[in-house]
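Both chains are given apart, each in its own frame, so use the hints to dock them into the complex.
If you want the building blocks of each chain, they are given just below.
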Amino acid sequence: MNNTLQLVWLIPFLPLVGFLINGLGRKQLSKTLVGIIGSGAILASFLISVFVFFQVKSGNTAVVTFFKFIDTTSLHINFAFQIDQLSSLFLLIITGIGFLIHVYSTSYMHDEKSKDFAKFFAYLNLFVFSMLLLVMGANYIIMFIGWEGVGLCSYLLIGFWFTNNDYTDAAKKAFIMNRIGDLGFLLAVFWLLTKIGTVNYADVFSAVNLAKLSATDITGITLLLFVGATGKSAQIPLYTWLPDAMAGPTPVSALIHAATMVTAGIYMIARSNILFTMAPFTQSIITIIGLATAVLAATIALKQNDIKKVLAYSTVSQLGYMFVGLGVGAYTGAVFHVMTHAFFKALLFLGAGSVIHAMGGEQDMRNMGGLKKYMSVTHLTFLLGCLAIAGMPPFAGFFSKDEILGAAFAKNPIYWVVGVLTAFMTAFYMFRLYAMTFLGKFRGTHDQEHHLHESLAAITFPLITLAILAVVGGWINIPEVFMNNGDKLEQFLSPIFAASNALVAKCELVPSTDYTLMAVSVLGALATLLYAINKFSKYEKVTVEETGFGKVLENKWYVDEIYDAIIVKPLKKVSAFFNDVVEKSGIDGFVNGVGKSVNYGSRQIRLLQSGQVGNYVLLMVIGILILFIIQLFF
Amino acid sequence: MPIYNYITLAIILFCIGVIGVLTRRNAIIIFMCVELMLNSVNLLLVAFSKMHNVEFAVTNPTLASDAQIFVFFIMVVAAAEVTVGLAIIVMLYRNTHSVDVNFLNRLKN
Numbered sequence: 001m002n003n004t005l006q007l008v009w010l011i012p013f014l015p016l017v018g019f020l021i022n023g024l025g026r027k028q029l030s031k032t033l034v035g036i037i038g039s040g041a042i043l044a045s046f047l048i049s050v051f052v053f054f055q056v057k058s059g060n061t062a063v064v065t066f067f068k069f070i071d072t073t074s075l076h077i078n079f080a081f082q083i084d085q086l087s088s089l090f091l092l093i094i095t096g097i098g099f100l101i102h103v104y105s106t107s108y109m110h111d112e113k114s115k116d117f118a119k120f121f122a123y124l125n126l127f128v129f130s131m132l133l134l135v136m137g138a139n140y141i142i143m144f145i146g147w148e149g150v151g152l153c154s155y156l157l158i159g160f161w162f163t164n165n166d167y168t169d170a171a172k173k174a175f176i177m178n179r180i181g182d183l184g185f186l187l188a189v190f191w192l193l194t195k196i197g198t199v200n201y202a203d204v205f206s207a208v209n210l211a212k213l214s215a216t217d218i219t220g221i222t223l224l225l226f227v228g229a230t231g232k233s234a235q236i237p238l239y240t241w242l243p244d245a246m247a248g249p250t251p252v253s254a255l256i257h258a259a260t261m262v263t264a265g266i267y268m269i270a271r272s273n274i275l276f277t278m279a280p281f282t283q284s285i286i287t288i289i290g291l292a293t294a295v296l297a298a299t300i301a302l303k304q305n306d307i308k309k310v311l312a313y314s315t316v317s318q319l320g321y322m323f324v325g326l327g328v329g330a331y332t333g334a335v336f337h338v339m340t341h342a343f344f345k346a347l348l349f350l351g352a353g354s355v356i357h358a359m360g361g362e363q364d365m366r367n368m369g370g371l372k373k374y375m376s377v378t379h380l381t382f383l384l385g386c387l388a389i390a391g392m393p394p395f396a397g398f399f400s401k402d403e404i405l406g407a408a409f410a411k412n413p414i415y416w417v418v419g420v421l422t423a424f425m426t427a428f429y430m431f432r433l434y435a436m437t438f439l440g441k442f443r444g445t446h447d448q449e450h451h452l453h454e455s456l457a458a459i460t461f462p463l464i465t466l467a468i469l470a471v472v473g474g475w476i477n478i479p480e481v482f483m484n485n486g487d488k489l490e491q492f493l494s495p496i497f498a499a500s501n502a503l504v505a506k507c508e509l510v511p512s513t514d515y516t517l518m519a520v521s522v523l524g525a526l527a528t529l530l531y532a533i534n535k536f537s538k539y540e541k542v543t544v545e546e547t548g549f550g551k552v553l554e555n556k557w558y559v560d561e562i563y564d565a566i567i568v569k570p571l572k573k574v575s576a577f578f579n580d581v582v583e584k585s586g587i588d589g590f591v592n593g594v595g596k597s598v599n600y601g602s603r604q605i606r607l608l609q610s611g612q613v614g615n616y617v618l619l620m621v622i623g624i625l626i627l628f629i630i631q632l633f634f
Numbered sequence: 001m002p003i004y005n006y007i008t009l010a011i012i013l014f015c016i017g018v019i020g021v022l023t024r025r026n027a028i029i030i031f032m033c034v035e036l037m038l039n040s041v042n043l044l045l046v047a048f049s050k051m052h053n054v055e056f057a058v059t060n061p062t063l064a065s066d067a068q069i070f071v072f073f074i075m076v077v078a079a080a081e082v083t084v085g086l087a088i089i090v091m092l093y094r095n096t097h098s099v100d101v102n103f104l105n106r107l108k109n
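Protein sequences, first through last, are from chains A and B. Under our numbering, read the first sequence as residues 1 to 634, first letter to last. Under our numbering, read the second sequence as residues 1 to 109, first letter to last.
Okay, chain B solo, but in the shape it has when bound (with noise of 0.2 Å):
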């Protein structure tokens, strides 16, 4: 399949996940959209790796597996970002009885 498909579907996953952190007042749905955007990005690397796997098979036969490697680093960190930003949530919500971002404009001025 060609490469561009691919690359047009990570996009358009990126750019949601983008929108979503931006627009939407709820942080757990912001959460979603980040991981939302890093999925996107380990479907990027496995089409990488899979389009790597077909051209260098002779030269550099390790070359694929790499991003594939990847990939999985890329989910350990989600997981544990997860971990600590539900932590989080959970405090927000103690101190405010909701989960609605806009209430932490104590910042403001």
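So that you can see chain A by itself, here it is in the shape it has in the complex (with noise of 0.2 Å):
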């Protein structure tokens, strides 16, 4: 029934119309019905998501086109979308996450003037457009477009409050740390057009087109295409514009960096996995640098004081650990790990954003604390979020971080215990951020106290609904260990990663060897939470400065400050460079010249005019002369 998944266009048109609405109309429209027009379509776009995704799992997949993008007689791309079961999947995590954060956002900017109001709310809808090109995209140039797009509104969205300068700052960044990883994904879109001349994803994963491409073919783009994934994933080297992200608003932060933009990475290897299974020298890398990744922001958040870098920090190692999936093979972990990474994360942020609002803007840690008694749907909210993302059973966390482990520990014990000190960090530093914000007594100023209170219901509601896909967002996958036939996501999207597991099968491991290491993970998790949460809530705020490895990890590994001595700096240089020597003496010098030397000439040739009648009848005599001379010659 082709004909009733014709209407996907409707899909990303809703939010573009949105977009243009808002944005066009922004000085006209009341604060209301930006926020209707924004949220509806949306919402529009979710009721439609979840028609295509009851389509599809009746089987029911398709390539709808509309019209021809680029048509040479050597590439003819489509604009085309593939709807099947990972689109469809990432569709509903898109639209439904995205119109939870709208009715959020619709309270917590609304002490916006009414033209930024629009404006922010015209973003989200640009943004949304973007991310679903990018997942319905059917070729790698439609996902081009999507990926530029959303990084394109990740810019706009950090930078919001564009008249402070820091925001700015960390809006470039983030939109050049991802201009550098587009830059491997162009160049493996080129390779793999000059190898096969099709970027469908139809064309390019037949067994036909893959046997033209040899194996140093697959292993180059393979990396190229990782390279593109850390940059918009934020892995290492490519991370650092993530913590500074967090000078955006807090739906901002939720959204594009928790829930959605962040993914697409992800989402991209997730579609292109036949070409990783056929490159295991891409995947070591891509496990290595994803658990080193994992690490790495797991250590710098337990020292960080601002409540959104914590998460943000958080978000990065989580990604990390999606990495660990792709890279081992676990295609359906990793993307399990999405969605319920989507559904915590985005609860984390919408919780903090909460919090923050309740403290009137204040965002740092230390000055909060016994937050419980006076926001009591943000508290339990958020520490549903807290024990979903530290893995605690049975909520979603567990499950999806367990499958990835074990599919870890099948390919290398050594990764399995990377990752699950790593879970164990991350329950201490989640846990420390719940103690610190809601348990022991409050650590703000006496007007701040006044001023809390718990949120609206436009921000309680999307929290509330979070907090229970948070909880039940697991159970569509529980593996086959605790109940026969369980893992439905997994049979869902069989058909999408059925070449892979062709290509190598998925190593199963004995079910005690499981229990063990979920036993493991779990109870590590629950000490690790326990402690922290001993530790913190009776923390008092303290005026000694950091010393030592503390203050190594507080500062973040000083890897900004590494990047700036090495890369900054130096391009500074060959900048200056090219501008003093180059451009103001070679290049300004010869234009400049040109105008000089015509000056001169003129100054010359100005002198010709004596006033003199007799210099005049002389010169004119001399030309008849030469005019006679030549027409005798010639």
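By construction, these hints were calculated from the structure, which means they are not laboratory data. Predicted, not measured: the structure shown is a model, and the values here were computed from it. Wrong hints could be hidden among the right ones.
Unchecked claim - Partner residues aside, some chain B positions facing chain A, computed with beta carbon under 8 Å:
id	residue
1	Val18
2	Ile88
3	Val90
4	Val101
5	Asn102
6	Leu104
Heads up, the beta-carbon is just placed ideally off N, CA and C, and yes, glycines get one too.
Set out below in structure tokens:
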């Protein structure tokens, strides 16, 4: 029934219309109307996505072509959407969480002027549009359009309060680092085009075309694609933009930097899974970088004091987990973790936003504390989110994280050890955050204490919805050891990963190993979180500076400073050289020199005008003579 | 008489006229030199007409008188030009109280 899937064009189209209306009418529309249009567009997309999801579930996948995008003799690229299991799942995540965040923003951003409020919603809608293009595209080019679009919207939204220079610096940093990754992505696409001549997923992943690629081709293409993913999904070395991106409003952090944009890299690799399965070298690189990022970010998060920065590093760390999943071949596990992470990370960010709102803009956890009795809904949902991210059963994070850890153990036990240690650190810093914010006694100013209140329904409703999802979200993919045939997600996504699974068989663990691994991680995380709660619920503000290793962690291992010294300063010196020598003396000198010589020449010629009539007549006679001589000879 | 004598005379008169125009300062003298140039051309025309009169007396009888008619044209043009030129010199004299051409250097630089 291809004709029912024809209306998938509405899914990205409605947010685009929302963007245009809110953007162009930002000076005329009232805040309520803007909120309704913005959220309504996403809600409509969500409802259509649900319909599409059920269509796909009953087996109706399709590639819906709209028009020819590039049509030359050697290159045919269509503007087409591929609706299959993977894209329909991501559609639900994007539009569902997007809608909740839009509703949240109507209350969170209501202090803005109505022009800026409308601008915010326009940008959010544009972002959702780009992200939908990214996941629905049927070839790498449409994905790239969405890829660039989300990078742009990330820049626009991080630097939303553009009058502050630090924020705009953070926005520029995010965009530039994204761009570096995009270079890798583009090179990979060009390589594919050269070797195969097409970039449609259906064509690229067919056995016929894959046979045309040599081993070096595949390794090179996948490495370059991974470089693109490191830029977009904040892995080493291109991750430093994400903590700085917390300069943007909290709904932006929740939507873009927790639930959707940063998962684009994982989507891209999951989509190209056959290419990666054929390149085991790249897979080991991905695993190692994923693990390194997870550990690094977790260590930094242990010592951060800004509530949003802790969550940002937590995001980087969890993204590392997802890449580990992709690297060891647990594609379903990685996508599963994307989904559950979207739920609980968005929940945590929105909860943090609620706390920041109540504290009147305060983001430093050292000034919070004891908020439990003032904000009960936020407290409860935040606690559920923390339990989910720490991997406590039966919440969502447990199932997805353990699936990845199990696959990692099957590949190489060392991966598991590192992963589990990171999980313990995750539990520790999340519950440090929880305890410092909600438990103990209040450490802020008297004014702030008076202002504390639970947030409005527009904020608590998304929190409650996401909390419910964080609780039950894991139950769609219960592993075999607990429930037979419980892995619904795996079965749903099996057509996408069929080729990879045929090539490299999934390593199954003996149930006893499975139980042991799970027990170790759960008990260890439980112990760590109880220790953290115990230590930080009695937290007193200290005025001594951090010293030693703690200082290194607090300063993010000085990575930003290292980048500055190695990359930014030399680059600035090179530009200064080009500016002074090549530009000023060389090019400017040449262009100005032309002007100067014209000036000089005309000054000399001006001397001909002596005003003496006799001279003029003389010149006339000379001219006539010359003409006479010329006509004599030619 | 050989035609070359007339040609030489005409060339000499013409050159004297040109040099006079270029060198002299007095506007009236310059005019006289212009007249000199025109008259040298007249002389040449008449000489050539006489030359052709001898040669083409039978085949083309009007060829000779064409040149002499042209001399009249040149004289008329010279007269008209002198009229206008002298009027300009009178204006020049009224403004600068001299007929020195070098005083007309207002267009300098």
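Verification of the hints:
no.	hint	verdict
1	Val18	6 Å, holds
2	Ile88	12 Å, violated
3	Val90	17 Å, violated
4	Val101	5 Å, holds
5	Asn102	6 Å, holds
6	Leu104	5 Å, holds
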